[in-house]
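Can you make the complete structure from the sequences, with help from the hints?
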Amino acid sequence: MGNAQCNIVIVGGGSAGWLTAGILAAEYLHTPGIHITLIESSDISSIGVGEGTWPSMRTTLQRIGISETDLIRCCNASFKQGSLFRQWRNNDAQDLYHHPFSPPVAAAEFDIYPHWQPYQQQIDFAHAVSPQPRLIEAGLAPKQISTPEYAFVCNYGYHLDAGKFVELLRRHCTDKLAVRHIIDNVIAVHGQPDAPIRAVQTEQHGEISGELFIDCSGFAALLIEQHFKIGLHQQNKVLFNDTALAVQVPYTDPQQPIASATLSSARQAGWIWDIGLQNRRGVGYVYSSAHTSDEAAQQTLSKYIGEQGQDLSFRKIPIRSGYRQKLWHHNCVAIGLSAGFVEPLEASALVLIELSARFVAEQLPLKGTDLSLVRDRFNSTFAYRWQQIVDFLKLHYVLSSRDDSDYWQDNRQPDSIPDSLQHLLTFWQHNMPSRYDFPHAEEMFPSASFQYIYYGMGKHSQLTARQSIQRYQQRAQEEFRQTAQKARQLVSQLPGNRALIEKIQAHGLQTL
Amino acid sequence: MSQMKVESLNNIDHKDVRIDTTKGASLGDKVMLSMLTLPEFRTAQAYYPVVLHKNAQTGEFYPVALFGFEAEENLFLQGDQWQAGYIPLYQQRGPFLIGQSNGQRVIHINMQHPRVNLDKGEPLFLEYGGYSPYLEQLVSVLETLHQGVEMNNHFIAALLELNLIESFSLEVQLDNHAKHQLLGFYTVNEKNLSELSAEQLAGLNQQGYLEAIYMMLASQSQFAKLVAMKNAQLALT
Numbered sequence: 042m043g044n045a046q047c048n049i050v051i052v053g054g055g056s057a058g059w060l061t062a063g064i065l066a067a068e069y070l071h072t073p074g075i076h077i078t079l080i081e082s083s084d085i086s087s088i089g090v091g092e093g094t095w096p097s098m099r100t101t102l103q104r105i106g107i108s109e110t111d112l113i114r115c116c117n118a119s120f121k122q123g124s125l126f127r128q129w130r131n132n133d134a135q136d137l138y139h140h141p142f143s144p145p146v147a148a149a150e151f152d153i154y155p156h157w158q159p160y161q162q163q164i165d166f167a168h169a170v171s172p173q174p175r176l177i178e179a180g181l182a183p184k185q186i187s188t189p190e191y192a193f194v195c196n197y198g199y200h201l202d203a204g205k206f207v208e209l210l211r212r213h214c215t216d217k218l219a220v221r222h223i224i225d226n227v228i229a230v231h232g233q234p235d236a237p238i239r240a241v242q243t244e245q246h247g248e249i250s251g252e253l254f255i256d257c258s259g260f261a262a263l264l265i266e267q268h269f270k271i272g273l274h275q276q277n278k279v280l281f282n283d284t285a286l287a288v289q290v291p292y293t294d295p296q297q298p299i300a301s302a303t304l305s306s307a308r309q310a311g312w313i314w315d316i317g318l319q320n321r322r323g324v325g326y327v328y329s330s331a332h333t334s335d336e337a338a339q340q341t342l343s344k345y346i347g348e349q350g351q352d353l354s355f356r357k358i359p360i361r362s363g364y365r366q367k368l369w370h371h372n373c374v375a376i377g378l379s380a381g382f383v384e385p386l387e388a389s390a391l392v393l394i395e396l397s398a399r400f401v402a403e404q405l406p407l408k409g410t411d412l413s414l415v416r417d418r419f420n421s422t423f424a425y426r427w428q429q430i431v432d433f434l435k436l437h438y439v440l441s442s443r444d445d446s447d448y449w450q451d452n453r454q455p456d457s458i459p460d461s462l463q464h465l466l467t468f469w470q471h472n473m474p475s476r477y478d479f480p481h482a483e484e485m486f487p488s489a490s491f492q493y494i495y496y497g498m499g500k501h502s503q504l505t506a507r508q509s510i511q512r513y514q515q516r517a518q519e520e521f522r523q524t525a526q527k528a529r530q531l532v533s534q535l536p537g538n539r540a541l542i543e544k545i546q547a548h549g550l551q552t553l
Numbered sequence: 004m005s006q007m008k009v010e011s012l013n014n015i016d017h018k019d020v021r022i023d024t025t026k027g028a029s030l031g032d033k034v035m036l037s038m039l040t041l042p043e044f045r046t047a048q049a050y051y052p053v054v055l056h057k058n059a060q061t062g063e064f065y066p067v068a069l070f071g072f073e074a075e076e077n078l079f080l081q082g083d084q085w086q087a088g089y090i091p092l093y094q095q096r097g098p099f100l101i102g103q104s105n106g107q108r109v110i111h112i113n114m115q116h117p118r119v120n121l122d123k124g125e126p127l128f129l130e131y132g133g134y135s136p137y138l139e140q141l142v143s144v145l146e147t148l149h150q151g152v153e154m155n156n157h158f159i160a161a162l163l164e165l166n167l168i169e170s171f172s173l174e175v176q177l178d179n180h181a182k183h184q185l186l187g188f189y190t191v192n193e194k195n196l197s198e199l200s201a202e203q204l205a206g207l208n209q210q211g212y213l214e215a216i217y218m219m220l221a222s223q224s225q226f227a228k229l230v231a232m233k234n235a236q237l238a239l240t
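Each protein sequence line maps, in turn, to chains A and B.
Using this note's numbering, the letters of the first sequence correspond one by one to residues 42 to 553.
Using this note's numbering, the letters of the second sequence correspond one by one to residues 4 to 240.
Hints may contain errors.
Here are the computed lysine-lysine pairs in the DSS-like style, where the Cα-Cα straight-line distance is at most 27 Å [what the hints assert, rightly or not]: (1) A:278 <-> A:357; (2) A:527 <-> B:182; (3) A:544 <-> B:8; (4) A:205 <-> A:527; (5) A:367 <-> A:408; (6) B:228 <-> B:194.
Partial list, computed: chain B residues near chain A (C-beta under 10 Å) [to be verified]: (7) 60; (8) 183; (9) 187.
Listed next, with one range per pair, are the computed distances between beta-carbon atoms [stated by the list, open to error]: (10) B:181 <-> A:216: 18 to 26 Å; (11) B:164 <-> A:71: 18 to 26 Å; (12) A:525 <-> B:101: 53 to 61 Å; (13) A:553 <-> B:200: 17 to 25 Å; (14) A:110 <-> B:42: 25 to 33 Å; (15) B:200 <-> A:110: 58 to 66 Å; (16) B:130 <-> A:189: 53 to 61 Å.
What the hints contain is simulated information worked out from the structure, not anything from laboratory work.
In this text, all values refer to a predicted model and were calculated from it rather than measured experimentally.
By construction, the Cβ of each residue, glycine as well, lies at the ideal position given by its N, Cα and C atoms.
Here you go:
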């Protein structure tokens, strides 16, 4: 690509387009010769349901230069400390477990799981190894008003209104980061099918040429699919859910507490998400149309919402699980829904956009290096990440002992389980999920996440006594004691999720 | 002072109220810090470290004078003596607060404050309902405080704007080898201060902020005195 001019053209203006624009523009703001253009159609509305982010979003926004106070004030955002899974194990009323954002205590030094095993009847894994589940159950925020922007007492991400988030990003990118914004429709792609894209043709702004094109055009996949004909690795044989019913549920009382975790409740043919924003909840049922009818799904969702569910209008969204066979082809990178989609069980959509855009921002050759080397690395890294997400989501289903429908039984059929996951499941019968399973420096889901799900779902590993475990026996007891103490202390110190948001609305957060 | 019973001050309900103005731990003087207003910096820095702290309710910065290293420690308080030539106005105001009534500023009194009683100290009202000299003086203290808080807010905004605030932690090793760590306080970022342009410095100077900044920096020498006072107190016990 040399050190001359480089025009990066982003096609599509949803969360994927604007997040990518922000990440690239912040990286290249002071690099002469690199120009970022985003072409956004005025006709297409983005798929905005209430969305969950990972803690990575804090770093991302800080890099882009957006203040956390603005995020909270502009996007109806609230604090998210993890996910709370209900009725996933066995459908009992008490059936719940946590996947908090903070890793198990001392995880950097040793695995505490074997030391918890003797206490499994008294306390569940997540409560034993992290103070965060207690905070989530008490509806508390992960920080105080005196905690600076993006700093935490307990690790956190956000729930936010994706539509408003896009508006905030768009304003910031065009006002502060010199992103060129074109509102127009892309009507043609210039370039041979087996060669780099030269330019895209717009209705009113003529040809927009560039050296790198980023396809953020959503399910339409204008460049990667319509032009380059790159298909999907379908995942519907693994992840059965193919439909979502989404609904916005207003709070009945403006002071109603805001949950500080995504609530995920399993049902007969899928699961229901429940995301608390400042002004409303975003609720939806993701299900397999092969295992239930739309009418039955509507009833399931109405029943979950309760009385209010009668008057609300549901929006039906088809889901196609899978990811691009090639994510970066010639000079075109697919980021966002054009790259692929899986059900939002672990809120992987936004974080994949962040990771993809950051990879492009940091690895794009500015001089010398051949683009194809970076492209190949990108493709192998993200193919691995997508497959890991698929495995991780499937893990939630295969460990369930629910027997109340074909859906749950079918989900445990061996032929629906990817080999990579089956291999891990066999291994974990006698070993803990550990960093040996996930050796990459930047794993989407570290072994801690697998531990929270695996042990949260009630599975166990039959470990052999080893010195590497025994060595930490005493230390582990001390960690359990301190975790319980810290949980009590934090419960008395931290404000409610809504209370903190109201304070930020009134006073803002300090930057230090 | 955990309990508050705040009433709007008037010469009927509070005709016989007196304010105990002596010093003492039981009278609300056992505090580790007091809010300080900008015009007080020059006088206060001769006795106390002047630093910034965050309001626990709003997270916003405000200036304080430090009296000790931990909650409820006032090293300047010895029996009924406050061993310093100046006591911050906020501490002097005792049970009184400024409140709002129909858009007007009015004086409120916290009847639960330990200085409030009926037998001892300064009366609030004269025989026929007029303000006592003590109350007259307090009205001016409250007025000065009210204006001072406004000035503080502008001062803090200017410091934030120029990136002049930094957190510091102070680890104090005492003669008996005990360690105290002072956390949650902030001061002027000297590096950023030294990199300001002539124009920025002139702006700070015109508003009187440059003086306040240097008063804060100069007051850091009072930490040594605070440590000495702590050691002296330990030697006695």
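Now the hints, each set against the structure:
Restraint check for residue 278 of chain A and residue 357 of chain A: satisfied, since their Cα atoms lie roughly 21 Å apart, inside the 27 Å limit. Distance hint between residue 527 of chain A and residue 182 of chain B is fulfilled; the C-alpha atoms sit about 22 Å from each other, no more than 27 Å. Under the criterion of a C-alpha separation no larger than 27 Å, the hint pairing residue 544 of chain A with residue 8 of chain B is consistent with the structure, at around 25 Å. Note on residue 205 of chain A and residue 527 of chain A: the hinted pairing is violated, with a Cα-Cα distance of about 36 Å set against a maximum of 27 Å.
Restraint check: the Cα-Cα separation between residue 367 of chain A and residue 408 of chain A comes to about 25 Å, which is no more than 27 Å; the hinted pair holds. For the hint linking residue 228 of chain B to residue 194 of chain B, the alpha-carbon distance of about 25 Å falls within 27 Å, and the restraint holds. Residue-level restraint check for residue 60 of chain B holds (minimum Cβ-Cβ distance to chain A is 7 Å; threshold 10 Å). Interface restraint check: residue 183 of chain B against chain A, minimum CB-CB distance 20 Å, threshold 10 Å, status violated.
Because the smallest distance between the Cβ of residue 187 of chain B and any Cβ of chain A comes to about 8 Å, under 10 Å, the interface hint for this residue holds. Range check, residue 181 of chain B to residue 216 of chain A: about 53 Å between beta-carbon atoms, so the 18 to 26 Å window is missed. At roughly 22 Å, the beta-carbon separation of residue 164 of chain B and residue 71 of chain A lies within the given 18 to 26 Å, and the hint holds. Between residue 525 of chain A and residue 101 of chain B the Cβ separation comes to about 44 Å, which falls outside the hinted range of 53 to 61 Å.
Range check, residue 553 of chain A to residue 200 of chain B: Cβ separation about 22 Å, and the 17 to 25 Å hint holds. Roughly 30 Å separates the CB atoms of residue 110 of chain A and residue 42 of chain B, a value that falls within the hinted 25 to 33 Å. Remark: the range hint 58 to 66 Å for residue 200 of chain B to residue 110 of chain A is contradicted by a beta-carbon distance near 27 Å. For the pair residue 130 of chain B and residue 189 of chain A, the supplied restraint of 53 to 61 Å holds, since their beta-carbon distance comes to about 55 Å.
Hints 4, 8, 10, 12 and 15 from the list above are not met by this structure, while the remaining hints are.
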